[in-house]
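So the sequence lines, in the order shown, correspond to chains E and V.
Reading the first sequence from the start, the letters are residues 1 to 416 in our numbering.
Reading the second sequence from the start, the letters are residues 1001 to 1600 in our numbering.
Rather than coming from a laboratory, the hints here were simulated on the basis of the structure.
Heads up, some of the hints might be wrong.
What the hints assert, rightly or not - Covered by chain E, per the in silico footprint, the following chain V stretches (three or more residues, Cβ under 8 Å):
#1 1022-1031
#2 1566-1577
Unchecked claim - In silico SDA-like cross-links for lysine to any residue, where the CA-CA straight-line distance does not exceed 20 Å:
#3 V:K1573 to E:G195
#4 E:K30 to E:A121
#5 V:K1567 to E:K30
#6 V:K1576 to E:D115
#7 V:K1567 to E:E315
#8 V:K1573 to E:Y248
#9 V:K1567 to E:G146
#10 V:K1556 to E:A298
#11 V:K1513 to V:E1590
#12 V:K1571 to E:M238
#13 V:K1574 to E:E339
#14 V:K1556 to E:D338
#15 V:K1573 to E:D338
#16 V:K1571 to E:L264
#17 V:K1567 to E:F36
#18 V:K1355 to V:V1116
#19 V:K1576 to V:A1368
#20 V:K1571 to E:A285
#21 V:K1266 to V:D1308
#22 V:K1574 to E:A410
#23 V:K1483 to V:K1319
#24 V:K1567 to E:D231
#25 V:K1571 to V:K1355
#26 V:K1556 to E:E367
#27 V:K1463 to V:T1233
#28 V:K1556 to E:A166
#29 V:K1576 to E:T351
#30 V:K1556 to E:L264
#31 V:K1574 to V:K1266
#32 V:K1567 to E:D338
#33 V:K1577 to E:K30
#34 V:K1567 to E:Q375
#35 V:K1556 to E:Q375
#36 V:K1567 to E:T205
#37 V:K1577 to V:E1356
#38 V:K1567 to E:D150
#39 V:K1567 to E:P177
Because the structure is a prediction, the values reported are computed rather than measured.
Beta carbons are placed, not taken as given, at the ideal position from N, Cα and C, and that holds for glycine.
Residue strings, one per chain:
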Amino acid sequence: MTDPAASSPLAGPAPEPVSLYVHVPFCVSKCAYCDFYSRAGGEALRRPFVDAALFEAGHWSHYDLLDDVPTLYIGGGTPTLLGDDLVRLVRGLIETARLRADAELTVETNPETTDAALVAALVKEGVNRFSLGVQSFDDDVLRTLGRCHDAERARAATRILRDSGAGFSIDLICGVPGQTTASWDATLEEAVRCGARHLSVYPLTVEEGTPLDAAVRAGTVPAPDPDDAADMMLAAEMALAAAGMPRYEVASYAQPGHESRHNLVYWTGGSYLGVGPHAASMLTAEQYRRVAEGEGWATPPASEPPCARARFTREASLEEYVRRPLADPGPVEFLDADETAREDAMLGLRTTAGITAAQADAAGAVEALVGLAEQGLVRVTESADGESRWRTTEQGWLLGNRVFEAVWTAEDPSRP
Amino acid sequence: MTDPTLIRNFSIIAHIDHGKSTLADRVLQLTHTIEDRDMVEQVLDSMDIERERGITIKAQAVRVLYTADDGVEYTLNLIDTPGHVDFTYEVSRSLQACEGALLVVDATQGVEAQTVANAIMAMNAHLEIIPLINKIDLPSADPERVRHEIEEALAIPADEAVLASGKTGEGVREALEAVVRLVPHPVGDPQAPLKALIFDSFFDAYRGVVALIRVVDGHINAGMKVSLMAAGTIVDVEEVGVRRPAHVPVDRLGVGEVGYLVTGLKDTSLVKVGDTVTLAKHGATEPLPGYREIKPMVYTGLFPIDGDQYPELRDALDKLRLNDPSVIYEPESSHALGFGFRCGFLGLLHMEIIKERLEREFDLDLLATAPSVEYHVYTTDGEMISIHSPQDMPDPGTVDRIEEPYLKVTILVPPEFVGAIMELTELHRATFVNMQYLSGTTVEMHYEMPLSELIMDFFDQLKSRTRGYASLDYEVTGYRTSKLVKLDVLLAGKPVDALSFIVHKDKAFARGKMLTEKLRGIIPRQMFEVPIQAAIGGKIIARETVRAMRKDVIAKCYGGDISRKRKLLEKQKKGKKRMKQVGTIEVPQEAFMAILKVDD
């Protein structure tokens, strides 16, 4: 199949794929463990926020950054809290960005705002995937997490999504203080039966500055036990594999063909543009230069090897964002080609696909990987076509930080 | 040269934090030695560490000119002394250079242990003591009570004590008037051969070793050939001068004058505190009394975290010793920690300060092992071996007996804490001698105790058990035989030499058990199980286990998380770099100090 436009001398360069993320910073209430940027309430700012986000997306489209959008992810926060404004946001984004015909279009939601009519309206606009924050089907665990819904409401939400015709994923949290193996097994069992084709399983992390952090420090909630979390991660891996949803990333499981394409962009070094307060963007050096020149932002520093990527986050508050959607980004992180290779290797090892021998070599991480292999955290496998890849092992998933750290901080003796 | 009758040499002595340095600042301002616009806090404490900690480490001398109420201009030499018990000998030499002392007592705290110790030292040096009650501007000041305490505890008449505030400057002039009126002027023989006391020295990169001196008899001037009697050093005097506080050269320093002497020497250890300067030819036959060789009290191993920094550490110690000859060091090697130095210090504070200075001024990352004292080990064939490190302990089969240094300890404390002190001293093998009430609010308690117990976190414990009210002073009285054993710690079955320590036999089991428990909390989980054992002579007396780490993963990683996560990994890596790799085990630095905290 050939695209006639691509061979035409008048067509210019082929559009570059850039995924689009929109951060919706509103929630019904803040959960105890969450350190994402979002706010409870803020009704008056919802409509202005959607206006600002659409304005921002429109602005970036002028730099040809949204001409080939393979995935769109509207996350948060709780996007479905926006109600009709969310429908307006989706519609506006579709008008602004050139989504691929087969684009993955995900909306994040939580049980308390998963409304059948809203879901239907979103599906009608083109949303083909939902990500539902269930976390647990156990009321006690939900209370510890400070969730504003109970298990019954979560079940109802899964039914709405199952009936909507769109695919959906659910998030679960393990290693919660007070969570028993029996509770976790029951949650896993419900999860595989509820119709989700994708599951994310996170061991609970106590983030600094959250209410959970304060409770753990005060001793009113025990600190999560890493051994319990390890057992539960192993139980999840087994239960989900048996249910036809093998792991494809350290925390992600899916029926084959239902992996999150948007998240895979993050883990494979693809470009993404973030819209909204505290949304992160990563562009190739070339794409970034285009924007920086137009906006008067800092340009990549001269370096050897040269800059390959730039990543930045608008660290504006919601109020600031609504007032000035296009203000300068915070400090821009420039990655040179070596750093890029190391980051890709580190992220690649988060996926079951692993990385190729060539990628490991480019990252200067071969020695580090050999060391990790000796500890049983990674291994070399050979695929049918004879290509050898480094992959994370069962134990490596549990001790992922060791793997990622060793690869990211690998010092290649052959380089100065 | 100044007429000796117009000279007053005095010192300010005080317990730590009673406001000595601030008071000195006010004196410098009042006499226009330093103009207000050039004033910084704690002028005489020039080291960062001194200012940050609010303590004086190095002695200082400054000459100020003061026109008294009688209309005469007097030359006052203010000699600022270190306030901490680690530096008792230095203080005694500084006092020897004076005829009087302002004894500063905090109007809210009253008399404390070092107030007593310093006052006694000043009395022994036959100084005229002028009590000064400081911080009277504070709302909780109680000058009447403090006056009473000074009289009761020190037998110093205090009805004419100067009431002052270093903060507001109130009473500072009165203090100087009292100095002029009460402190005797120096007396000496200008015709006799030169005799001058060295009360401190420091190294100047351009001029070599500079000594601070007090002339007792005769005079000294540039071009003279002089001898430092105890060290046997001959010096061509390059320059003499006074400190205001910048160096101002003068033609000569005569009887009673305080100033500096540029020696041009490159080796500070040739210029000893307490030594006597006299003429190289036809000099004095008798030195001034009171000279002592400085002897370290506390020893520790200092090791670079990064083994490659060993040469840098050696250079840093060489340089630091130029300014502080009381630090001694010799190479030490450890299976666990690699190459480093066994260093001797005057006390725990001195040790802490030197470690901090090495790290700061020379950009080193250092690991210190638990401090030790000097043990005298008598072998079965009658030989005596001094050991400064548990590693050097000979095979128990060859040991006849071991002696350890003992202290006379004085603790001053409000009566309600007497019970707490009894309890604490009991834990530290101290023997009660006696106690007496100095006043209704202060009890003086006397103990004998081993120095090795004092350095076991005793001071911090004392402070925390008495809500900071207790104060402490001590002096070494000699060596005594004790039943001591070497306790070894094994990680994953292998002895870690740097964790060994020497302990009294009766305490060994309890300390071993507490230490292994403590280490279990300190050593992070590794990828494999790590048994921690305490052993005496191959016999295991305690065991704990650090379970293998099973989970260490941040699972969430999208968009903006990537940068955050990477930073976290980098931080984690840095944290590991601060740890010491002992075999295959990552051991945090604090593990090597854990023994000090086992009584918590």
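Outcome of the hint check:
Counting residues of the segment 1022-1031 of chain V whose C-beta lies closer than 8 Å to any C-beta of chain E gives 0; at least three are required, and the coverage claim is violated. Only when three residues or more bring their CB closer than 8 Å to a CB of chain E does the claim for the segment 1566-1577 of chain V stand; here the count is 5, and the claim holds. This hinted pair does not check out: K1573 (chain V) and G195 (chain E) have alpha carbons roughly 42 Å apart, beyond 20 Å. Among the hinted pairs, K30 (chain E) with A121 (chain E) is inconsistent with the structure: their alpha-carbon atoms are about 26 Å apart, more than 20 Å.
Annotation: proposed proximity of K1567 (chain V) to K30 (chain E) is violated, straight-line Cα distance about 26 Å (limit 20 Å). Restraint check for K1576 (chain V) and D115 (chain E): the C-alpha separation of about 49 Å exceeds 20 Å, so the hint is violated. Taking the CA atoms of K1567 (chain V) and E315 (chain E), the gap is near 17 Å; set against the 20 Å cutoff, the hint holds. Straight-line distance between C-alpha atoms of K1573 (chain V) and Y248 (chain E) comes to about 27 Å, which puts the hinted pair past the 20 Å bound.
Pair hint K1567 (chain V) plus G146 (chain E) does not hold up; C-alpha atoms about 28 Å apart against a cutoff of 20 Å. The straight-line distance between the Cα atoms of K1556 (chain V) and A298 (chain E) is roughly 30 Å, outside the 20 Å bound, and the hint therefore fails. The hinted pair formed by K1513 (chain V) and E1590 (chain V) meets the criterion: a straight-line CA distance of about 17 Å does not exceed 20 Å. Restraint check for K1571 (chain V) and M238 (chain E): the C-alpha separation of about 33 Å exceeds 20 Å, so the hint is violated.
A hinted pair counts as satisfied when its Cα atoms are at most 20 Å apart, and K1574 (chain V) with E339 (chain E) qualifies at roughly 18 Å. With a C-alpha separation of about 24 Å, the suggested pairing of K1556 (chain V) with D338 (chain E) is violated against the 20 Å cut-off. Between K1573 (chain V) and D338 (chain E), the direct Cα distance comes to roughly 19 Å. Compliance with the 20 Å bound is thereby established for this hinted pair. This hinted pair does not check out: K1571 (chain V) and L264 (chain E) have alpha carbons roughly 26 Å apart, beyond 20 Å.
Pair hint K1567 (chain V) plus F36 (chain E) holds up; C-alpha atoms about 17 Å apart against a cutoff of 20 Å. Straight-line distance between C-alpha atoms of K1355 (chain V) and V1116 (chain V) comes to about 30 Å, which puts the hinted pair past the 20 Å bound. Taking the CA atoms of K1576 (chain V) and A1368 (chain V), the gap is near 17 Å; set against the 20 Å cutoff, the hint holds. A distance of roughly 26 Å separates the Cα atoms of K1571 (chain V) and A285 (chain E); the hinted pair therefore is violated under the 20 Å criterion.
Distance check on the hinted pair: K1266 (chain V) and D1308 (chain V) sit about 28 Å apart at the alpha-carbon level, beyond 20 Å; violated. For the proposed pair K1574 (chain V) and A410 (chain E), the alpha carbon gap of about 13 Å is at most 20 Å, so the pair holds. This hinted pair does not check out: K1483 (chain V) and K1319 (chain V) have alpha carbons roughly 39 Å apart, beyond 20 Å. A threshold of 20 Å between alpha carbons decides the hint, and for K1567 (chain V) with D231 (chain E) the separation of about 28 Å lies outside it, so the pair is violated.
Between K1571 (chain V) and K1355 (chain V), the direct Cα distance comes to roughly 24 Å. Violation of the 20 Å bound is thereby established for this hinted pair. At most 20 Å may separate the alpha-carbon atoms for a hinted pair to count; K1556 (chain V) and E367 (chain E) exceed this at roughly 27 Å. Proximity of K1463 (chain V) to T1233 (chain V) is assessed by CA-CA distance (about 44 Å); at most 20 Å being required, the pair is judged violated. Between K1556 (chain V) and A166 (chain E) the CA atoms are separated by roughly 24 Å; this puts the pair beyond 20 Å, and the hint is violated.
Between K1576 (chain V) and T351 (chain E) the CA atoms are separated by roughly 26 Å; this puts the pair beyond 20 Å, and the hint is violated. For the hint pairing K1556 (chain V) with L264 (chain E), the CA-to-CA distance comes to about 13 Å; that is within 20 Å, so the pair holds. Straight-line distance between C-alpha atoms of K1574 (chain V) and K1266 (chain V) comes to about 39 Å, which puts the hinted pair past the 20 Å bound. Annotation: proposed proximity of K1567 (chain V) to D338 (chain E) holds, straight-line Cα distance about 17 Å (limit 20 Å).
For the hint pairing K1577 (chain V) with K30 (chain E), the CA-to-CA distance comes to about 37 Å; that exceeds 20 Å, so the pair is violated. Between K1567 (chain V) and Q375 (chain E) the alpha-carbon distance is near 24 Å, which puts this suggested pair outside the 20 Å criterion. Straight-line distance between C-alpha atoms of K1556 (chain V) and Q375 (chain E) comes to about 24 Å, which puts the hinted pair past the 20 Å bound. Between K1567 (chain V) and T205 (chain E), the direct Cα distance comes to roughly 16 Å. Compliance with the 20 Å bound is thereby established for this hinted pair.
Under the criterion of a C-alpha separation no larger than 20 Å, the hint pairing K1577 (chain V) with E1356 (chain V) is consistent with the structure, at around 19 Å. With a C-alpha separation of about 36 Å, the suggested pair K1567 (chain V) and D150 (chain E) falls outside the 20 Å cut-off, and the hint is violated. With a C-alpha separation of about 27 Å, the suggested pair K1567 (chain V) and P177 (chain E) falls outside the 20 Å cut-off, and the hint is violated.
The structure shown violates the earlier hints numbered 1, 3, 4, 5, 6, 8, 9, 10, 12, 14, 16, 18, 20, 21, 23, 24, 25, 26, 27, 28, 29, 31, 33, 34, 35, 38, 39.
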